[in-house]
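Going down the list, the sequences are from chains S, B and E.
The opening residue of the first sequence carries number 1 in our numbering; numbering runs sequentially from there.
The opening residue of the second sequence carries number 513 in our numbering; numbering runs sequentially from there.
The opening residue of the third sequence carries number 1011 in our numbering; numbering runs sequentially from there.
Keep in mind that the hints were calculated from the coordinates and are not lab data.
Take the hints with a grain of salt, since some may be wrong.
Here are the simulated lysine-lysine pairs, BS3-like style, with alpha carbons at most 30 Å apart [stated by the list, open to error]: (1) K544/B / K591/B; (2) K1021/E / K778/B; (3) K430/S / K1048/E; (4) K1021/E / K94/S; (5) K278/S / K434/S; (6) K63/S / K1021/E; (7) K591/B / K736/B; (8) K743/B / K94/S; (9) K66/S / K1021/E; (10) K997/B / K874/B; (11) K430/S / K1021/E; (12) K278/S / K467/S; (13) K775/B / K1048/E; (14) K1048/E / K63/S; (15) K770/B / K544/B; (16) K966/B / K997/B; (17) K988/B / K975/B.
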Amino acid sequence: MQPLEMSAVDLVASLRQGDITAVECATVFLDRIEATNGSINAFLAVDREGALARAADIDARRKAGKPVGPLAGLPVALKDVLCTADMPTTCASKMLAGFRPPYDADVVARLRRADAVFVGKTNMDEFAMGGSNENSAFGPVRNPWDLSRAPGGSSGGSAACVAADMAPVAIGSDTGGSIRQPAGLCGITGLKPTYGRVSRRGLIAFASSLDQIGPMARSAADCALIMETIAGHDPGDSTSLVVDVPRYTDLIDKPLTGIRIGRVPEHFAAGLDPEVAKGVEEAFAVLMAAGATVHDVHLPHAKYGIPTYYLIAPCEASSNLARYDGAHYGHRAEPGKGHRAEPGGQRSAGQAGGFESPLVEMYCRSRAEGFGPEVKRRIMLGTYALSAGYYDAYYAKALRVRRLIRQDYLDAFQTVDLIGGPVSATPAFKLGEKTDDPLAMYLVDLYTVGTNLAGVGGISFPCGFTKSGLPIGFQLQAPPLAEPLLLQAADRFQRLTDWHRRRPQAMEGGKA
Amino acid sequence: MSTNTPYTTIIGLEVHVQLMTRTKLFCGCSTKFGGAPNTQVCPTCLGLPGSLPVMNRQAFDLALRAALALECTIAPFTKWDRKNYFYPDLPKGYQISQFDLPFSSDGFLEVVDPKGAFEPRRVGIVRVHLEEDAGKSMHDDAAGTGDTRIDLNRAGTPLCEIVTQPDLRSPQEARAWLNELKLLLVYLGVSDCNMQEGSLRVDANVNLHIPVPATAGAEARVAKTPIVEIKNMNSFRSVERALTYEAARQWEEWQATKAEMGKTPKQTRGWDDPAGITRAQRHKEESSDYRYFPEPDLVPVTVTAERIQSIRGGMGEPPVSLRKTLASQWQISAYDADVLVNQGRELVDYFEDLATRVGEGKVASNWMQQDVLRILNETNGTVSAFPVRPAGLADLIGRVKKGDFDTSRAREIFAEMVTSGRPVDDVVAGMGISAVSDDDVIALCRELLAANPKIVADVKSGKEQAAAGLIGQAKKKNANVNPGKVRAICLDLIREMG
Amino acid sequence: MSTSPQTLTTKDVAKVGLLARLALSEADLERMAGELSKIVGFVSMLGELDTANVAPLAHPLDTQNVFRDDVPAASLSTAEALQSAPRHDGECFLVPAVLGESSAA
């Protein structure tokens, strides 16, 4: 089998057995990236030289009998939201164009120690804000299944890269669905772990109480492999859980007998694409055939998930992104040039127009130039919702509803072990279809925001295809720290189906 | 109301103290003062993308210690909040502080003036909370470049913010209270409260309450001038001067405008020490909307009764109770106890060691104040580096008690012990001091009596005090004689003469 | 701010823009007033829920009392600290002259 067709689990074994060298393996994927990235734009930075050097070092060590890490030689793509000391980290924003952090994210350090080979940084919605990867300052990502469609977001680059075999695994981040939704639209498997399972140190923050890093790959088994390396307590992250990391790869091969899966009737309201609905029902059937039972459960406050999320996330983001002001790093506006507020544009009381000082001007113009429209929108929304007089009605209110939403999950998990359902209301939509209407774009997160608000784990994987050949995704959500069960159920599904092995027609033969 | 002024000055203070930890509040960078710019920084205190804070346990414990010493109630559950504003010395664009659930509240600290310049004043503490410090901005006017230089070494240093009730009633009280606060916090090892190094900063809030007599149309009432916040005071003396100036200024303004405290935001004025005035600062209308919300990167902290007990146990005795303890234990006056305690724990330890060896407090206290302290002040020395240790001084005092020499001689010996670092015996020998035998003293006295018939006659006629005139002559003949002995023997000899 | 929380005027937007340190043109203000009003209107549906007896949930975790020891860790070199600074002089970050007093707090 060609490396491009192999699972990460099999690749790692192959590398270990010496069937293929790390350099050979890396070369195959780097060549693939070179051939296809032009049409997909999944990568913002490719580190061919660094990857090959790393691979060569691993091969040399293996040959000399020295120990190598558990992922030795495995090519991995990293969403450009993760700090890497040896590659630029831009968050797909002009604000951080060319920015080089002086440190590695905890996840990056763990993967390095495991001897993964980083092939590059993947494209994303700017600062992780978006559901289509059209908010990138460096061009949208195209869905490998249909290049006129979006891959989903914000981890669109990571999803597309795996779907197009540019890397066997990619690391993404998920704040309101940004791993699971693009995985669903691109026909791959993506896991958002329980909040605190994976360290956020070095993850460029969007919404701190919602963000989590997770694996994206072709299968649950591959995700399990990566989880063993990236999960675990980090004393440098106060929100990191002090809980042992299970041997996920040992735990997933278990039957589903006795597992109760919840089905939420409200998920199937109008607005859910009929083909998606059909795919999801068929997935339930497969799970039942595998021994699970399906029961109705209710998440009574589910419809309040989007407004709750679109208050909490922008509020936290407005604060997390305040550091991007051109003072210590990032883009700084040229003095006296470029975008400038028109006279009278700054109509805050007490100002005739223009800025109150050169410093304020630097802040305002640097940020206006550095951030794209969606980022600005969310900063404005968050700033407004936290401001004097509005805090109680908006931000504080959203925190209360969040508790109700979490309670819905805890209540539901009294009667079921997992909750199943759609991950996206529609299959991949056309590029440009939703970009004129911010609210319409926000609604793509309908099925995924609840997971982040409650802090629980969720996984999505392909459960079918539309008539036009677009992937349909299925999502499972679980109680806190039930990653083994999520992976087990997805893995069992993937032993009984082959949706996850399908590859985009357009990509076959290694051609774009 | 003061009898001197037609108004009452109402003062409240906001004090920031840097806690004496080795590392910053949220990262392992050093908190040492005076390092080269930007050498004590890391991703966390630089606010780099992706960085996260982790709370310094020692900082929280020191903060607890301070709050307990200030008699505050400790909150069983506390959390941190983000205070959002833009400034170049605040790299994250927010300060991690505490807003609605500070870890402590409702305490007090009393200040007493031993000389009675003001009534004892108990100043209420509204709250003590824990937050991070910002970096330093340096305006480089000299370079003429129009740039400000930012050094983030200080960013992330742990700070306790102490907010008082407006209970102070004069600038003198305020200064004395600050001294008392500093003494307390230094005693507890919480902070070194060094304003020159910025480990203690003060802002003051002041206004006047002015009695307005009844008129035909209105009852008697108290008018209140608008509250002014004064910033940029760099020493306790500046605080006193600034408050004195500002109270007078507000009184002038009241007389001119009769403007009273209303709904307008608090005015901020900066103290200009060289000019000796406060100046109004430009008001930034939106700077007060800090958009506080709970810090998502930090988890809350719960404080148990056990933890509080353990902190209390390790605290050491604060000045207020130490003064009383010293006075009662060593039978010294409240004034003496105050002087000793105000010099700090090290001096108190020295005193107690000395008093134990000497066996009594008053003598030890006198030596401490008249000699040890005097020399320390003259030489700008520290107790720990003082060349004579309590054992050596106790030795000396013992010799005086034995009568080997008098106190004034002893002080000369002491001065030499300090300068040379040598023990009593060495110094005594070196100075040629030896005990004068009784026979020699008697012989000397006979000489003096023979040489001073007039004095002998005066003493015989009942004026014993005339004998004092012999002592100076005695010392000239032999510096080592004990004046008391000389006097006693001369009087005896004269009595024997009949 | 306008009294109706669901509709933002351009004046409201300008005020928020200054708080957020974003330069906004007249066109930006107009557009944002419309977009933000729509979004705020949408999220206001939370007002339908009675949450009087529901405590806010700021953290999804129940974790408490996470501390580190007061032990020094390696700092960055000055060069590393300044490596991404738009302007610096080798020792300090440089920003346009800050007028008046230090830190607004």
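30 Å limit on alpha-carbon distance, applied to hinted pair K1021/E and K94/S: Measuring from Cα to Cα gives roughly 28 Å; hence the hint holds.
Restraint status (C-alpha distance of K966/B to K997/B at most 30 Å): holds, 21 Å
Hinted pair K1021/E and K778/B, Cα distance within 30 Å: With a Cα-Cα distance of about 25 Å, the restraint between K1021/E and K778/B holds, given a limit of 30 Å.
Proposed proximity, K975/B with K988/B (alpha carbon, max 30 Å): holds, 23 Å
Proposed proximity, K591/B with K544/B (alpha carbon, max 30 Å): Given that 30 Å is the threshold and the Cα spacing comes to 27 Å, the pair holds.
Straight-line alpha-carbon gap K770/B to K544/B, limit 30 Å: violated, 49 Å
Holds or violated: K743/B to K94/S, with C-alpha atoms at most 30 Å apart: violated, 39 Å
Agreement of K591/B and K736/B with the hint, judged by alpha carbon distance not exceeding 30 Å: violated, 36 Å
30 Å limit on alpha-carbon distance, applied to hinted pair K66/S and K1021/E: With a Cα-Cα distance of about 67 Å, the restraint between K66/S and K1021/E is violated, given a limit of 30 Å.
Restraint status (C-alpha distance of K63/S to K1021/E at most 30 Å): violated, 69 Å
Restraint check for K430/S with K1048/E, where alpha carbons must lie at most 30 Å apart: holds, 24 Å
Distance restraint between K430/S and K1021/E, which requires alpha-carbon spacing of 30 Å or less: It is violated: about 36 Å lies between the C-alpha atoms, which goes past 30 Å.
Consistency with the previously given hints fails for numbers 6, 7, 8, 9, 11, 13, 14, 15, ordered from lowest to highest.
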